[in-house]
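**Q** Chains as they are written, first to last, in this note's numbering: chain A, 1 to 201; chain B, 1001 to 1338.
Since the hints were derived computationally from the structure, they do not count as laboratory data. Please read all numbers here as calculations on a predicted model, not as lab measurements. Some hints could be false.
[Unchecked claim] Sample of chain B residues lacking proximity to chain A, with all beta carbon distances greater than 12 Å (derived): (1) Arg1009; (2) Ser1014; (3) Asn1041; (4) Thr1076; (5) Val1077; (6) Val1085; (7) Asp1089; (8) Pro1241; (9) Asp1267; (10) Ala1282; (11) Trp1291; (12) Arg1292; (13) Ala1295; (14) Thr1310; (15) Ser1322; (16) Asp1324.
[To be verified] Computed spacing ranges between beta-carbons, pair by pair: (17) A:Arg56 <-> B:Leu1082: 39 to 45 Å; (18) B:Ala1026 <-> A:Ala3: 20 to 26 Å; (19) B:Ile1070 <-> A:Ala2: 46 to 52 Å; (20) A:Glu58 <-> B:Gly1073: 49 to 55 Å; (21) A:Arg56 <-> B:Ser1063: 18 to 24 Å; (22) B:Gln1038 <-> A:Ala37: 34 to 40 Å; (23) B:Ala1025 <-> A:Arg56: 29 to 35 Å; (24) B:Arg1060 <-> A:Ala3: 25 to 31 Å; (25) B:Arg1040 <-> A:Ala21: 18 to 24 Å.
[Said to hold, decoys possible] If the Cβ cut is set under 8 Å, some of the chain B residues that face chain A in the computed set are: (26) Asp1010; (27) Ala1016; (28) Asp1022; (29) Ala1023; (30) Ala1025; (31) Ala1026; (32) Pro1027; (33) Pro1028; (34) Leu1036; (35) Gln1038; (36) Ala1039; (37) Leu1082; (38) Ser1258; (39) Ser1331.
For every residue, glycine included, the Cβ atom is placed at its ideal position computed from N, Cα and C.
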Amino acid sequence: MAAYAGGDARAFEQLYARHQAGLYRFVRRLLGSALNAQTDEVFQDTWLRVVQARLRWEPQGATFRTWLYTLAHHRVIDMLRRSGREVSLDAHSDDGDAPWEPETAAWQQWPAPASAASHTEELAFWCRAGEKLLACLEQLPLPQRSAFLLHHGDGLALDEVASALEVGFETAKTRLRYAMSKLRTCMGAHLAPLTEGGTGR
Amino acid sequence: MTPHDEPARDAWLSQALQHAPDAEAAPPAALSEAILRQARNAVTPSRAAAPARTTNPLLRWWSWLARPPIAAGFATVMVATLVGVMWWDKPLDAFAPQPDVPAAPAPMAQDKEDKDTVAQASAVAAAPPARDESKAVARSEPEKPRSIAPPPPPAAQRERAGASRASVPPAATGELQTRTADAAPPPTAAAAPAPAPAPAPLSAPAAVADSAAKFAATPPAAGLALRRQDAETITPLIEQPERWAWQRGAGRQPATPSLQRWLAQLDRSVHWRPASGTSPAAADGDVLQLWRDGAPRATIVLGDDAVWLTPAGSAPLMAPLSPDAAAALKSALIAATP
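Bound conformation, chain A alone (with noise of 0.2 Å):
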């Protein structure tokens, strides 16, 4: 970034290179499936606004991916509110004390996840998993949806997910706690059925 705030454009052509596809699927399931007709603009408007923000760009510990997806995350809210929907940034405003604990029972009708690419069978009840992921992933508050998708889908660490987030350590760990129950109690209530008719487990 600092090559490219100093006028070198291929620098900011490995950087595209090397963050445009991960930038873009957070993006698009950010949104949702509604809004995904406008994830080409908040994607396109992320990037614009590292153009313009090249020569203000401090990374103060912050690595640029960080910063990237802080900017993406802001160009979210903003789509999402622009379209009247009601963004809470609060992740626990309708949950309880303590994070919804997931029965285990499902699980264990699932095949292994290191075994995803072995089977046609199991590729298919991934698949089909993947499909009910983003369909529960919309049912989670903004907040605890980022968190996941930073720490689950980019492989951020913890503490980066909280500073793309700009919130402390232990409200990004409270999020994602919240997100991967709510989410697993929310996969195997749909998946449970399928693993036991559709792919003959």
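We have chain A already, so just place chain B on it with the hints.
**A** Showing chain B alone in chain A's frame:
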């Protein structure tokens, strides 16, 4: 949990996320190209403009001037300058209240002549070098004579025309005609000699200046004209002291540099206005008579709260003074005319 007390990634959820339908989603090629093009364009002009900013001072100054705040300030200064230049030739008294100059009560036999003299003095007082002021006075001139004096006889008109051509006030016609014959430049306020600073023993300028500021409510146009008239009376004494003499009490004595300085101080410090009557009676020590070539030319009377100047053949003038300023002028006069 990790050593950082971080929740471990759920392997099942991660696996499901990797197999989601949008796992292979990517921005359209056109969108990527547009973003990259804008990124390239953003850095290209700055690289091209950088050498120009550093090498060409004219362009650097021009770009600095083209910045909106600088340009707005510069435009404001230019407009103010333009308005100032356009206003330069306008009379200062255009918006001032019209001076209410009362005519000095005088005997009926001299009324016509005196009023005519005052009108002429007002007209000619704004001497030729001050072009704008002569315009101002000339503009206001038709009002005063119309309301005060009847149309002058042809002889008086000829005399006045002659006086106007010579730019000489009637009160000092003789001496100034003499001066014109000596090819001396016409007197002006700007050309009025600035004598040496008042010596320490006088110590009156501060008090007199205070008085002048206190009584500076005199209408500007009338004050200007009368001050010029006063200058026409006093300036020749300063310029040609060998032809002048003074008398305070008994005995006439030739003019001295001390008297010159006192007169210059008085000239600078007061604002004359027409006196409503003759000067009051005062002790001989407070009355200064000025003689020129053996003939009385002016009388200055120092009172406790004002000073009166009565040029020979003209209406008396007066200027208010604070008690401190009057006392200072008196002490300075005593020192200058022992």
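**Q** Indicate, hint by hint, whether the structure satisfies it.
**A** Here's how the hints hold up against the structure:
Separation of Arg1009 (chain B) from chain A is inadequate, the least Cβ-Cβ distance of about 6 Å not exceeding the 12 Å criterion. Separation of Ser1014 (chain B) from chain A is inadequate, the least Cβ-Cβ distance of about 5 Å not exceeding the 12 Å criterion. The Cβ of Asn1041 (chain B) sits about 9 Å from the closest Cβ of chain A, inside the 12 Å cut-off, so the non-interface label is violated. Under the 12 Å C-beta cut-off, the non-interface status given to Thr1076 (chain B) relative to chain A holds; the minimum distance is some 31 Å.
With a closest Cβ-Cβ approach of about 32 Å to chain A, Val1077 (chain B) is found to remain outside the 12 Å limit, as its non-interface label requires. Separation of Val1085 (chain B) from chain A is adequate, the least Cβ-Cβ distance of about 44 Å exceeding the 12 Å criterion. In this structure Asp1089 (chain B) is separated from chain A by more than 12 Å, as the shortest Cβ-Cβ distance comes to about 52 Å. For Pro1241 (chain B), the condition that its CB be more than 12 Å from all CB atoms of chain A holds, with the nearest at approximately 77 Å.
Under the 12 Å C-beta cut-off, the non-interface status given to Asp1267 (chain B) relative to chain A holds; the minimum distance is some 67 Å. Non-interface call for Ala1282 (chain B) relative to chain A: holds, since the shortest CB-CB distance, roughly 82 Å, exceeds 12 Å. Remark: the non-interface label on Trp1291 (chain B) is consistent with the geometry, its nearest Cβ contact in chain A lying 85 Å away (cut-off 12 Å). Distance check for Arg1292 (chain B) against chain A: the nearest CB is about 82 Å away, which clears 12 Å, and the non-interface claim stands.
Listed as a non-interface residue, Ala1295 (chain B) keeps its Cβ farther than 12 Å from every Cβ of chain A; the least gap is roughly 87 Å. With a cut of 12 Å on Cβ distances, Thr1310 (chain B) stays outside the contact zone with chain A, its closest approach being about 80 Å. No beta-carbon of chain A is positioned within 12 Å of the beta-carbon of Ser1322 (chain B); the least distance is around 66 Å. Here Asp1324 (chain B) stays apart from chain A, with its beta-carbon at least about 66 Å from theirs, past the 12 Å limit.
Arg56 (chain A) and Leu1082 (chain B) have their C-beta atoms about 41 Å apart, which keeps the hinted 39 to 45 Å range intact. The supplied range of 20 to 26 Å is met by Ala1026 (chain B) and Ala3 (chain A), whose beta-carbon atoms lie about 24 Å from each other. Our hint of 46 to 52 Å for Ile1070 (chain B) and Ala2 (chain A) is violated, since their Cβ atoms are close to 31 Å apart. Checked against the hint of 49 to 55 Å, the pair Glu58 (chain A) and Gly1073 (chain B) fails, with Cβ atoms roughly 32 Å apart.
At roughly 21 Å, the beta-carbon separation of Arg56 (chain A) and Ser1063 (chain B) lies within the given 18 to 24 Å, and the hint holds. Judged by the Cβ atoms, the range 34 to 40 Å given for Gln1038 (chain B) and Ala37 (chain A) is violated: they are separated by roughly 21 Å. The hint said 29 to 35 Å for the Cβ distance between Ala1025 (chain B) and Arg56 (chain A), and at roughly 30 Å that hint holds. Between Arg1060 (chain B) and Ala3 (chain A) the beta carbons are some 27 Å apart, a value that agrees with the proposed interval 25 to 31 Å.
Range check, Arg1040 (chain B) to Ala21 (chain A): Cβ separation about 21 Å, and the 18 to 24 Å hint holds. Residue-level restraint check for Asp1010 (chain B) holds (minimum Cβ-Cβ distance to chain A is 5 Å; threshold 8 Å). The criterion of a C-beta within 8 Å of any C-beta in chain A is met by Ala1016 (chain B), whose closest approach is roughly 4 Å, and the hint holds. Below 8 Å, beta-carbon pairs count as interface contacts, and Asp1022 (chain B) has one with chain A at about 6 Å; its hint therefore holds.
For Ala1023 (chain B), the interface hint holds, the least distance from its beta-carbon to any beta-carbon of chain A being 7 Å, beneath 8 Å. Evaluation of the Ala1025 (chain B) hint against chain A yields a held restraint, the C-beta minimum of about 6 Å falling below 8 Å. Because the closest C-beta pair between Ala1026 (chain B) and chain A is about 5 Å apart, less than 8 Å, the hint holds. With a cut of 8 Å, the hint placing Pro1027 (chain B) at the interface with chain A holds, because the nearest CB-to-CB distance is about 5 Å.
Nearest Cβ of chain A to the Cβ of Pro1028 (chain B): about 7 Å, under the 8 Å cut. The hint holds. The restraint placing Leu1036 (chain B) at the interface with chain A holds, with a minimum CB-CB distance near 6 Å, inside the 8 Å limit. At a threshold of 8 Å, the smallest CB-CB gap from Gln1038 (chain B) to chain A is about 6 Å, leaving the interface hint in force. Because the closest C-beta pair between Ala1039 (chain B) and chain A is about 4 Å apart, less than 8 Å, the hint holds.
With 8 Å as the threshold, the beta carbon of Leu1082 (chain B) stays out of range of chain A, its nearest partner Cβ sitting at about 39 Å, so the hint is violated. At a threshold of 8 Å, the smallest CB-CB gap from Ser1258 (chain B) to chain A is about 75 Å, leaving the interface hint violated. A hinted interface residue such as Ser1331 (chain B) counts as satisfied when its beta carbon comes closer than 8 Å to some beta carbon of chain A; here the least separation is about 73 Å, so the hint is violated.
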